[in-house]
Amino acid sequence: MNQNTNIFNKMMSMDRRWVFLLLIIVCVAAYFAPFSIPILIEPEVERVYNFVDTLAPGSIVFLAIDYDPASLAELHPMTYVLLEQCFRRNIRVICTALHPNGPSMAENAFLEVVDSCKVDKTYHGKQFMGREVVNGIDYCFLGYKPYPALVILGMGTNFRLPFPADYYGRPIDSIPMMKGIQNYDQVACVVNISGTSGTEYWISYGQGRFGFPLALGVTGVMGAEYYPYLNSGQIFGYMAGMLGAAQYEKLAENDGKAVVAMKVQLFAHFLIIFFIIIGNIGFFMDKFSKKREGR
Amino acid sequence: MEFGTFLWTTLGAVLTLAIFSFLYKDNPFYKFAEHLVVGVSAGYWAVILWHNGLVPNLLERLRDGDWYLGWLNSSKPWYLIPAILGLLMWTRFSKKYSWISRWPISMYIGIATGVAIPLEMSNRVNKQLYAAMSKIHWDNFFGHGFLDTAAAYSEIIIIIGTIAGLIYFFFSKAHTGAFGTIAKIGIYILMIGFGASFGLTVMARISLFIQRIQFMHEDWAVVAFEETNPNYGWFQFFFWLVGFIIIAYIARELYVYIKNRDKQMVKPS
Amino acid sequence: MKRQIPVLLVFVFGVFMIFQYFSPHEYSEWIYKFLMDWIYIIGIFAMALGIWSLIHVSYDKIKNKRHDWGYSVVTLAALFIMMFFGITGFDENGEWGFYFMTQEGLTNPMFRNFFNHILVPIETTMFSLLAFFISSAAYRAFRARNVLATMLLVSALVVMLRFNPYFGEAVGLYMNKIAAWLLNVPNMAAKRAILIGIGLGMVGTALKVVLGIERGYMGKG
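Each protein sequence line maps, in turn, to chains D, C and E. Mapped onto the working numbering, the consecutive letters of the first sequence carry residue numbers 1 to 295. Mapped onto the working numbering, the consecutive letters of the second sequence carry residue numbers 1 to 269. Mapped onto the working numbering, the consecutive letters of the third sequence carry residue numbers 1 to 221.
Quick caveat, the hints were computed from the structure, so don't treat them as lab data. Predicted model, so just to flag it, every value in this text is computed and none were measured. All C-beta atoms in this analysis are idealised placements derived from N, C-alpha and C, irrespective of residue type, glycine included.
Rough simulated footprint, nothing fancy, chain E against chain C, three-plus residues with beta-carbon under 8 Å:
#, region
1, 6-15
2, 29-37
3, 85-98
4, 104-118
5, 195-202
Could you build all of it, start to finish, from the sequences and the hints given here?
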């Protein structure tokens, strides 16, 4: 047998824990290394940003947070940056969480962004004074109900139908910002940030039935699935995975965890590509030597 | 940061490490964390279902009635019907009466499928078909710049790809002749699609790990070393305690490994 | 009776919902609203079944002292502790108590701590293990065995390298363009074919259910 094939064979039968260790080392090293990578903006992400950015103050964005801690890494950065953009520009937000483990994710995002909005900040050369963002006036968090498809449909008739009260148990009619707000007709757009099949429901049962502008923020795993909807115009914008989140952070000039994560991501990808290449070299060497032996 | 919050974060860090220890091998720490999260998650769900579901949608609506003379005194007594139907679901646990649970289930299935038929047809099938049949911009055949998605050649690839993909997937006719060629194009297109999905999945998985590094560093280690904290010493103590446990565990594993290796060497072959 | 009534119910409600979509009359809207309102309530009871099942299974394991029953104690204890914190809390005056009908439990600091510092770290970390398994799979399984597998690999590589700045700015821009084109053109065509297929399949199955041909939802018996 060929000497090289032997080495590769050995590498192939190596304990996979060495692979794990290598990944940890590369990721931690890249995380602590002081460098950054440029992030190119894609048009589908820019469309979401521009849509929200050109809304008149006082408009309402409906934010559907349908994810649990499992997809927090990619989706929380999107939620944070979008919420901060809305609150800084005095855009009001209505929010639901149709994943059973989602309500506290949404609540955490609100609590933290409300805190960060108390400080003065400058985005794109424009200074935004810090202000108190108030639950019930600037945002309304409706909470959770089972069966997302039917909840989305029900909200098209009236938000009060599935949600007689908000997450904190206050009747919707007693919430100042919900006065006169009946259904999606009063909402400028819906942004669905999701790690579940709930996205399909927002497209078919929400946008399809009620025709509101819909944008998506999804996990990387679902990232390649929604391009047909973008092409058919059923969604107007689209953020996929950590890269989508990083692009939005760049657009909003509000660098957060996603931008930092991208540099680590890059080196992890290099490593995985290296693994694939090594694996394939081994595979072809093996194939080649078998052929020769056969001859 | 308050010390109490730091202790909670430390617990989060310990649990994170407990789960990561599975990468080395299955162990009681991992199993503990795994079973803990199942319980916490179910408990959380129960609370959310109660406070966000049952209370506002049912109990609050029946509450204005006279509780003692029965709920029928409520101003909205008709909400008792879904409540009873919901309770009937629970007959599933009885062998004798489980057939009753089919009534509410079939009501739900009827509503869900009835709603789905027109909406899925219109939004998943029809709208995608319209988009696929849109006009090709022949005057812009080569498009502007490198690989233009709006160029006519891209539009043609989309149309052919969609048709070929559908043919590959849905026609049980033998893939031979011209039909086979189209089906072959279909599978090539599908493979490119799956490849893109795979690439994005890698990105997704890696980002989950990066988030854990960020958590361990920014939310835990950095906080432990903030000298402005009121009980700085205690922050440090718990940080190093966790560090010590990890080192002790690694040392133990190494010891066991070396001991076993020596035994194997002694064994006569 | 045990099988006919459910089939009839599915048919009646299914047909009504289809009818309502195409003809949103005042009366049908009225019924539609009622049905929607009710279905959320039925749904809550159905979801609670899952929690009961978990309790049941864990209890069974403990009672019969099955393998690793100790961990089931952890599960059950965590479940009940979480429920306890969910129904207790502090009102505006800072007074602690049981709150069944108001939502103080949701703002209970312990309820939040359990979510933020137990559920979140464990669940995120469990899923982050997949990063390791996918890299190990990349090492062992992704082989360019034939043209199809090579296409899959190349497409994946392009998507993975699209934000890489290290081959020079021009190459980076081109990589990004290739990836964008790949996602928006061939990938889109593939996903559209799958989407139309799934859509048709769903509608077909739904029709079979409404018409009583498909009765899998009833289970045995």
